[in-house]
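Add chain B to chain A, keeping to what the hints say.
Quick note, the sequences are listed as chains A and B, same order. Note that the first sequence covers residues 1 to 297 in this note's numbering. Note that the second sequence covers residues 1001 to 1256 in this note's numbering.
Wrong hints could be hidden among the right ones.
Said to hold, decoys possible - Taking lysine-lysine and the BS3-like style, the derived pairs with C-alpha atoms no more than 30 Å apart in a straight line are:
id : chain 1 : residue 1 : chain 2 : residue 2
1  : B       : K1241     : B       : K1181
2  : A       : K282      : A       : K38
3  : A       : K282      : B       : K1115
4  : A       : K282      : A       : K201
5  : B       : K1078     : B       : K1115
6  : B       : K1164     : A       : K201
7  : B       : K1164     : B       : K1078
8  : A       : K201      : B       : K1078
9  : B       : K1181     : B       : K1164
10 : A       : K201      : B       : K1115
11 : B       : K1164     : B       : K1115
12 : A       : K224      : A       : K67
Don't read these hints as lab results, they were simulated from the structure. Note that the coordinates shown come from a computational prediction; the quantities given were computed from them, not determined experimentally.
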Amino acid sequence: MALDVRIPAREDAASRLDEGAQTQGAVPGQTRDYFRQKVWLTWAVLCALLGAAFYALHLDFGYVGQKLPFLLGIRLSPDGFIQGAVLTVFVTGCSMIFALMVAFLTALGRLSRNPVAFAIATFYASLFRGTPLMVQVLIIYLALPQVGVVLGGLTSGLIALSLNYGAYLAETIRSGLMAVPAGQREAAMALGLPRWVAAWKIIAPQALRLIIPPAGALFVSMLKDSSLVSLMGLWELNFLAQSYARSSFHYMEMLLAAALIYWGLSIVFEVVQLRLERRFGKGVAARGAHATGPRKA
Amino acid sequence: MERTSPPPLVSLTQLNKWYGNRQVLRNISLDVRPHERLIICGASGSGKSTLLRCINGLEPHQSGRVMVDGTELTRAPKALQIVRREVGMVFQSFNLFPHLTAIENCTLAPIWVRKLSPEEAHATALNYLDRVHLSARAHQYPSELSGGEQQRVAIARALCMTPKVMLFDEPTSALDPVMIKEVLDIISELARTGMTMICVTHEMGFARRLADRVLFMDRGEIIEEGTPDEFFQNPQSELLKTFLSRVLHGASAAAV
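Next comes chain A alone, as it looks inside the complex (with noise of 0.2 Å):
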């Protein structure tokens, strides 16, 4: 029934397609490009809005310029270690390889049919998302040395933000998992690939597509709560831009430079997400402007 339903649309998408070949070639590619420009050209009336903004709170740039590499981390710190807005990009880099591992076992034990591996993963994912990020770094890092388990400030941060955010990407994963039809296992297993292949080649192409965009909103996320390590004596970015804040009364200013550094950052992660969704995209009937609108690029 619900295949019934779908049909005509298809028809329809196929006979649009068939159109616009035979009659009005150029016409799409030419409504993209407009939708583009008029993209690129109101991003740009913001970000001067924005910035007129910052001009008119008669700010100290000497002193960001002063303290700006510090803020980035191209300066080590005094006692040797990278800081900073590095600092911020290496914590963040780890948790997410560690958050994946540790959320695709956690999703395939969600959808295990053994009761213990469900239980684990089932106990887990409730336990870490339901407690606050902040406790769960302050006991990895606290009370773990009360049961002989001392661990440094960096690794505990690492584990805290690793367990916390796998156990939000465990669901995005299964979701992803879940979604591809059932119908595509079945045709894998009727030209008889072997289990892997079909995982591979055929599931998880179709699943990354759905995971990546929800995916990418945590990472994005996961950017600003690393600054919970500062907790631990680390100075990433957030805490140097604070504690410069505090010494000089360069309030304004010090805030304000760590948030650009983070938008940055962040427009870097929301670049890759693009890519790799379009990527994992190909094949799918792009809906609205919006979405055929990057393709070309």
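Then chain B, alone, in the frame of chain A:
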């Protein structure tokens, strides 16, 4: 009437299957000889699709025996793989891989299962896409093809594995009349090449033209079977008479 008959390609013996407490297949015994064209019909829920899916192990059976080309189908991965390699299947909802182009859909299994080189697989795929009259659209994604074209690619994809028997599970039920014809024409062309096929369908006219043998199922049982002439002109059981009158009446109503 029986010539020196070759051994059956597909042989089901006393097949039983349950979903929980509900029995969906009852004591099915059935032999399909090489080059035979068997059509299965019956109301929805009569177990015909399930029967088809038991032949390539998409559904496990609880008792009885399924033999395909001399291999007994068990749940052992080895047996499943041997059987599935020789059995092509076409689904009601096409089930093409949406992230792969038509030709990539066709080359995947030959490369990974038959271990063909990419070049060989490509050549084979083009050959079969040509047989379904779609070689010009080889590099398009399923979403860019019509329903009928998608189903024809699905047929080509199955044929690329050079199966010994083809299973069709209501191949035209999701299509409109024009597309139904193009898909049935392809299946008829395939039949002329001597392919062994088992087809579940509601297209009675097609069944009559194509089949060597027609089989009617109800509630998991084979109620009646015979040549198309016997089957359509002289149905024995009340169940089949009722079914035929409904289906044929429905068909003529749709034609108006």
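ask   = Which earlier hints turn out false for this structure, listed by number in ascending order?
value = none
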